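K.L.:
One-letter residues, chain by chain:
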Amino acid sequence: MRRVLDTLAVAIAVVVVFPIYWMVLAAVKPAGEIQSLHQRPWTLAPSLDAFRRVLAVNDFGRYFLNSLLVALVVVAISGVLAFLAAVALTRFRFRLRTTVLVLFLVAQMVPVEALTIPLFFLVRDLGALNTLGSLMLVHTAFTLPFAIWMLRGFVAAVPDELDEAAQLDGASRFTVLWRILFPLVAPGLAATSVFSFIHAWNDFLFARTFIISATGNQTLPMALLVFFKPDQNDWGAIMAASTLMTLPVLVFFLLVRRRLVAGLGGAVKD
Amino acid sequence: MRSRFTALWLLLPAALVLAALFAYPMYQLGLISVLDFTQAQVSGGQPTRFVGLDNYTRLLGDGQFWSVLLATVGFAAACVIATLAVGAALAVLLTRVSRIPRLLLSLAAMAAWAVPAVSGSTVWMFLFDTDLGFVNQLLGLDGYNWFYGRYTAFALVGAAVVWAAFPFVMVTLYAGISAIPGSVVEAAALDGASTWRAFWQIIVPMLRPVLAIVVIQSIIWDFKIFTQIYVMTRGGGLAGQNLTLNVYAYQQAFASSEYGLGSAIGVVMMLILLAVTLLYLRTLRRSGEPL
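Residue numbers (the numbering used here), protein chains in the order written: chain R, 1 to 270; chain H, 1 to 291.
Hint data in this document are derived by calculation from the structure and do not stem from the laboratory. Note that the coordinates shown come from a computational prediction; the quantities given were computed from them, not determined experimentally. From the three backbone atoms N, C-alpha and C, an ideal C-beta is built for every residue, glycine too. It is possible that part of the hints are untrue.
Derived coverage of chain H by chain R (criterion: at least 3 residues anywhere in the stretch with Cβ under 8 Å from a Cβ of chain R; other residues may be distant) [unchecked claim]:
(1) 13-21
(2) 85-96
(3) 124-131
(4) 220-232
(5) 256-263
(6) 272-282
Working from the sequences, and respecting the hints, build out all of it.
P.N.:
Here it is in structure tokens:
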């Protein structure tokens, strides 16, 4: 029985991973094989032509850097703000504390997609259309509620006695916050960052809405759609671009896999 | 550290950002939905006019809105059920297999989870491409276009969604099952309960809080899917046959410049999800989680 189930699990793993394999495979297939009416699940002549096409001709490197910049700024700002808020919500007892918590929870449920219209006008009035700043701004806000909710568990896990002892020893509030709590919460912050990073990195809707005419400021998801042509899709280039977009997240995800699950458990159960 | 105002100072930056980019836009969304707000007003050619509930009555009298609403609910329901069924089945499977297969399956699931929605959409489109798609070639469906039919197109988008969404369910439920002490299940077995009965009468009830969270998160996610629909069906499918509320609102606003109408759809969506959220909060409270 165990052997049957083991085989089943491996078979399912293969099916689940197959689309990713197919994406990478198509990206390194020579052009002739991509156009073939008899696709083979392997290639004997791998080539980097598609990547060259994507990077050289279409300036994909630039969009990659744009995406990276937006995601990193979002991770940094949202991480710091969420850390401060999480400390306030776990280390202090004040009136309305539960109300604030519930508000953050509700904010997580808000379909931000529905806010596209008012945010478009807000960004337009700020004169920020077509800038990467507009994307950093909205994604910082969108990632905050979840980041706060998740970090709360990690801050709560640091024993109270620790910062009390530090204060007795004469440490200032600032020192307690940045020299004592921050390093201890850092692993949790790493897990939270993954979610913020992925959120900003994957965004398609707001990139499409805000970056209208400044093609130089596009991010990856929009740049990728350039390869879709009404008559003939350049699948090799599309798959190469998709691979480039997937790789950073995939590496990131597999690296922090365990911590991620622990953090999720904390966010869900705490 | 314990001063009363410190907490406020610490909360202030996050609160300001959320007020400006969550609360204010929500207020604006409601406001635009009761205005006559089209291209003329956007360019400043005409003043905005308060039209009361006109946008809403227009929506409710519009056959396409009802068809889109129905499609959204049906599509979300199908995605949720499929995601939960696959995720739960695989979570149980994970508890029954040896170490290496377990590792392989969870790595594969993690990888699918990590793939950005846009990349995932393009890969599924390529796999099911009319002529060059591996699936069509494998099944001998030469020249069959999955995106012509309304239901085949929805099914394909749904498959891409479930593929990306089941890992969350699987990982969370697996963590939940692993947390159940083995002694509980053993005791049931000693008392003569079959595996089947132990599963339904012991494991499932103990998992109820985790299950509730997973179900409601899935509902919320699947109800507002945008990227997969937009990319895979090129903005809503042939003649808008694959529109869901989210994409419909977007198209009304940014393609047809009907910002007032688009906002009204946004409000309807917000209200539906608010109802789901309240349900979520009630479940959390009932499961006795202290906030």
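K.L.:
Next, verify each hint and record whether it holds.
P.N.:
Comparing the hints with the structure gives:
{"no.": "1", "hint": "13-21", "verdict": "holds (count 7)"}
{"no.": "2", "hint": "85-96", "verdict": "holds (count 4)"}
{"no.": "3", "hint": "124-131", "verdict": "holds (count 5)"}
{"no.": "4", "hint": "220-232", "verdict": "holds (count 7)"}
{"no.": "5", "hint": "256-263", "verdict": "holds (count 3)"}
{"no.": "6", "hint": "272-282", "verdict": "holds (count 6)"}
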